[in-house]
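Protein chains: 4
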Amino acid sequence: MSSNLVSFSTSRKLDIVPMGRIGVDLNANEINRPMEETKTFTKYVGGSPANIAIGMARLGKKVGFIGRVSDDQLGRFALNYFRNDGIDTSNIVVDKEGASMGLAFTEIKSPTESSILMYRDNVADLKIEPKDVSEEYIKNSASLLISGTALSKSPSREACFVAMEYARKHNTVIIFDIDYRPYSWASKEEVAVYYSMTAKMSDIIIGSREEFDLMEALIDPENNSDEVTANRWFDYRAKIVVIKHGKEGSIGYTKDGKSYKVKPFPVKLLKSFGGGDAYASAFLYGLMEGWDVEKSLEFGSASAAMLVASHSCSEAMPTVKEVKEFIKKAEEEHGEVAIKS
Amino acid sequence: MSSNLVSFSTSRKLDIVPMGRIGVDLNANEINRPMEETKTFTKYVGGSPANIAIGMARLGKKVGFIGRVSDDQLGRFALNYFRNDGIDTSNIVVDKEGASMGLAFTEIKSPTESSILMYRDNVADLKIEPKDVSEEYIKNSASLLISGTALSKSPSREACFVAMEYARKHNTVIIFDIDYRPYSWASKEEVAVYYSMTAKMSDIIIGSREEFDLMEALIDPENNSDEVTANRWFDYRAKIVVIKHGKEGSIGYTKDGKSYKVKPFPVKLLKSFGGGDAYASAFLYGLMEGWDVEKSLEFGSASAAMLVASHSCSEAMPTVKEVKEFIKKAEEEHGEVAIKS
Amino acid sequence: MSSNLVSFSTSRKLDIVPMGRIGVDLNANEINRPMEETKTFTKYVGGSPANIAIGMARLGKKVGFIGRVSDDQLGRFALNYFRNDGIDTSNIVVDKEGASMGLAFTEIKSPTESSILMYRDNVADLKIEPKDVSEEYIKNSASLLISGTALSKSPSREACFVAMEYARKHNTVIIFDIDYRPYSWASKEEVAVYYSMTAKMSDIIIGSREEFDLMEALIDPENNSDEVTANRWFDYRAKIVVIKHGKEGSIGYTKDGKSYKVKPFPVKLLKSFGGGDAYASAFLYGLMEGWDVEKSLEFGSASAAMLVASHSCSEAMPTVKEVKEFIKKAEEEHGEVAIKS
Amino acid sequence: MSSNLVSFSTSRKLDIVPMGRIGVDLNANEINRPMEETKTFTKYVGGSPANIAIGMARLGKKVGFIGRVSDDQLGRFALNYFRNDGIDTSNIVVDKEGASMGLAFTEIKSPTESSILMYRDNVADLKIEPKDVSEEYIKNSASLLISGTALSKSPSREACFVAMEYARKHNTVIIFDIDYRPYSWASKEEVAVYYSMTAKMSDIIIGSREEFDLMEALIDPENNSDEVTANRWFDYRAKIVVIKHGKEGSIGYTKDGKSYKVKPFPVKLLKSFGGGDAYASAFLYGLMEGWDVEKSLEFGSASAAMLVASHSCSEAMPTVKEVKEFIKKAEEEHGEVAIKS
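Quick note, the sequences are listed as chains A, B, C and D, same order. With my numbering applied, the first sequence corresponds to residues 16 to 356, in that order. With my numbering applied, the second sequence corresponds to residues 16 to 356, in that order. With my numbering applied, the third sequence corresponds to residues 16 to 356, in that order. With my numbering applied, the fourth sequence corresponds to residues 16 to 356, in that order.
Heads up, a few of these hints could be off.
Where chains are identical, the list cannot tell them apart; a pair therefore holds if satisfied intra-copy or between any two copies.
[Claimed, not checked] Calculated pairs, DSS-like style, for lysine-lysine (alpha carbon to alpha carbon, straight line, at most 27 Å):
| id | residue 1 | residue 2 |
| --- | --- | --- |
| 1 | LYS339 | LYS124 |
| 2 | LYS111 | LYS124 |
| 3 | LYS262 | LYS28 |
| 4 | LYS203 | LYS28 |
| 5 | LYS184 | LYS336 |
| 6 | LYS262 | LYS343 |
| 7 | LYS203 | LYS184 |
Derived by calculation from the structure, the hints in this document are not laboratory data.
I would like the entire structure built from these sequences, with the hints used as guidance.
Below you can see the structure in the form of structure tokens.
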């Protein structure tokens, strides 16, 4: 019996179109030391929605993307990388006004202490404009994923709202992956305004407790109940709300009043970031396959565990077979680990 | 029998709080010639929501304002003017970072040919910030009026959405006066996005046919039916939608399925602008008095006629007695003129 | 016997080309009160080099101008005004990117207490670009006058230096009218850097003691001797340095080691600004006529006295006949007043 | 017999203070391919004046620096690197307003085809302000080196001119290394204006023929004679002018009317950039040692040859011993190679 209340059209050209950041990660090769002392970096495609796109492509889904890249070697690197993974890049605009790819230098001081040094001035991804968004493209996809950072600045912000209007018009499922990053945002009130506007238009919302608190800062600043939060958005359009609590696991709420709790897989951490995008892609994969929410959450949690044990956030995205093997092995080792209903 | 479906609390400290532009009009004293040839200008307070605030104060209502003025002689002039009319200025912020009052040089080439030369760079009114908006102030007002131009740029845009969130939380009536001005807006898509977001949250919406077309540009670009437009917003929160058609008059739609048409009063035009703000204030005055929509529209139309025959947009705002005398005189002269149901 | 060490070519098409600000003054008609309480304003052309251009045209000189005006009614007003005075406007660029004319609202609280409220955001005059400067135009003028405010921001700053390079190449006399206004400048060090660069290239320098102090802030911050100042610039290219001391009059230094002191004419002040531009134009007129420095300074001082007794800074610029009559009358009344050698 | 007409004080705390860019180079480890296909990068300190600082420190000189770095891991990396080489960093400001280190991704497609992808938005080095420049620091150095790119934007531009004013005041030798980079500059006229202003104040000027052409674009656009160029600046303050002609070598002109030609050392190129900074540091080292211009040029040329055969632009800077050995070995192999008088 499935509690999957969202139905993804299977007859459309694309299964999902993530929208937002696509950048370049420069990951320190010498780890467990401060970046002042690292000597070499390895280049990967990065940015949360780009990672999700790669993740879903590895899982076998038909993936597009709406975004903007620089007109230089790093922009072409990202486009090539996407194409090699079979991601449709027809709606990624090449910026002609001198914008740059965002850079993220990652520093791994210890398995639990990481940091990211961002280069986000004049960044191509936030220059996507309303006119760059094709109604036809969104009509031809089963779902649209809005990554929260794309809402942080104009004109990218308005481009997202235009995309959402088209999605509602053509019954394209709207997924909101909150992905809060303090840079780019002008004020906490601004975050609250645009997060709640987006949440009102979304079918599926995924975020941490802290991210939902930001979203509710104006309308209900005292609340810290996951259930109250989930129900608030069920009053609009949402059917599934996933709220993450770090090491304590995450809970998936569904509009039919049920909830499913999943705890993290035991894993040897290499770094403390990168799990969220793997989680989102594998969870959404499950929903698209018609799995119930419980099983989808477990699949997401497994993929997240695989990612935090690896050096990159995109290149390490696993296939379905790899995730299944990982789960099987974990269960053999630790018993049934992920799901506590 | 009243078809007034919106109820304004009469027990709150303020009847209405307009939000947005407050500037200085410099009206050419020598009219019927191009501005190149005018020699002297008279200074008035201006800006659509400021005019509405003055209009409603003259009609005897308790009026506040949310806005931002410059820290100079022109900013103080505007604050003094408001205070002389009994408008509460406690929530008008004095900008401390060098912003200027917006200026509007008006040029009257002929009764039907006017133009406005705007000074809107680094303008104080668009610098109002989310943190400048007091939840308490909005809670203490029966209604909040959002003027469309305040949505055209950050941070004023977000300040408006914060104010609307507070208004919904405290059952403060939200009035959206579209007041489209092309300056400041980055694109037509941006206009459509923020106008429709605001319309979804509003109880009363007032605008011209062209303004509603801008609002619907993404979701229903082909539509030109007023009824379709009104019903769209009745599906959200709106109870009254007023659509203006210039010389052919305007129509008030109500959520109970009725509509009321009003045509302009015959009047000797001095200038072709300034009527809209008088219309809005007198119409809202009628609704607040518990008059039916029909009578309120007629009252608005009369006040508009009085304004376009005068030199200013703010100083000429009439009292209740003056509007009533104007209507009486017009009816004696022309028969019953304004309303065609 | 003349100590006029600068020779102005009389065979060129133009006698002088001022470069820099051209704006609109809005002078309060109701004087002796704060601007908060004034009702009407009269519009004049303004801006120091524009006033000098008008002043020299009234004195019968052939005048051009290098500058940039807005593409609107106020820009056309300024161009028309110049043309009516016979000033060549062929090298005034009409801005096509939405810049505005600078505005100066003048407030006369009392004869000695005035203030000016500036509108200088996105101002056309500071948008003049190096490519707008014609080598031919400067070659065809006997002199180029650089107004200090034009040095306060790029690209106007670089346009001035380009003009000065052309002037040196073609033996066009360079006059530097310091005209310090704190707005636009980023720091005192910046002022010092560009003022001293300009002074090094100039034949005639005119400014107040305070302005020369700004110029010397890096190289000789302790100095307050006019003689030391004058000699510093004589070591470069300067031949005449005029240093103004407000009510105590001004001193003209010449490279041959002489100096001439002139005190202000007795006059009933209407306002405390506007005299400087009249002073500069009448003084330069004298030099161009081949008068000695002493007589030229007296002529400048007389014109300044006439201006501070009138309502505008441009419209009141006198003719040669009027200045001469003023001097004659003053001498009859007060004895020989202006010159103390 | 020495034709070294510039004398460097040996009694000051520092021998040289370069001013301008300090950034991070990210050099592709996989060479002879486009950057789209490279995987890893090695991190070096970069930026022309930073390279010169390192170069001179390796040659045993007492080196300071005036600049600005980011308040993050990359900024600290650069400061640490300087300190390890014994460079005084007391006058390098740590930016507190969110500026970033400039990045230069270098791509070596073939030994003769290289390119650099720049990240220069909101870059710390161009934010150095006039008030960051210490008169005392410049007084305590024998020489100040201005790197041309530091002139490309305010406030760095004005900071350079302030530094030059102090240098002239205290007889600190001014060296102008033109180092033209098109980014940051607004127009060719701007380049011409500020290059020629700087050249007028400099004792030693080093640049390529193309760079001198840019400098002379306004005052003598037709000229392509090195001798005319050198003599132009000898009329101001210059004593030595070095003009580079790529593979054909370079010529040093001295104010006493002599000139010295040097051709490049034969070398196996790894990359086509980085030689200039080695050239400048070794040439200046020679002058400071009191060598004649000829020998100094040869020393510079040798160091340049060593650099283009290595992977980095800073780390590979040689010691005196290494350069001497390189020259000796080259002469044994090829005969006397560098100098043709």
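To see whether the hints hold, each was checked on the structure:
1. Taking identical chains as interchangeable, the C-alpha atoms of LYS339 and LYS124 are never at most 27 Å apart, the minima being 31 Å within one chain and 42 Å between chains.
2. In this homomeric assembly, LYS111 and LYS124 come within 27 Å of each other (Cα to Cα) only across copies, at 24 Å, whereas the closest approach inside a single copy is 37 Å.
3. Within a single copy, LYS262 and LYS28 get their C-alpha atoms no closer than 37 Å, and across copies no closer than 49 Å, so neither meets the 27 Å cut-off.
4. With identical chains, the CA atoms of LYS203 and LYS28 are never at most 27 Å apart, being 38 Å at best within one copy and 29 Å at best between copies.
5. Proximity of LYS184 to LYS336 under the C-alpha cut-off of 27 Å is found in neither arrangement, the shortest distances being 36 Å within a copy and 49 Å between copies.
6. Taking the shortest alpha-carbon separations for LYS262 and LYS343, only the intra-copy value of 21 Å comes in at or below 27 Å, while the best inter-copy value is 65 Å.
7. With identical chains, the CA atoms of LYS203 and LYS184 are at most 27 Å apart between copies only, with a shortest distance of 19 Å across copies and 30 Å within one.
Hint compliance for this structure: hints 1, 3, 4 and 5 are broken, all remaining hints hold.
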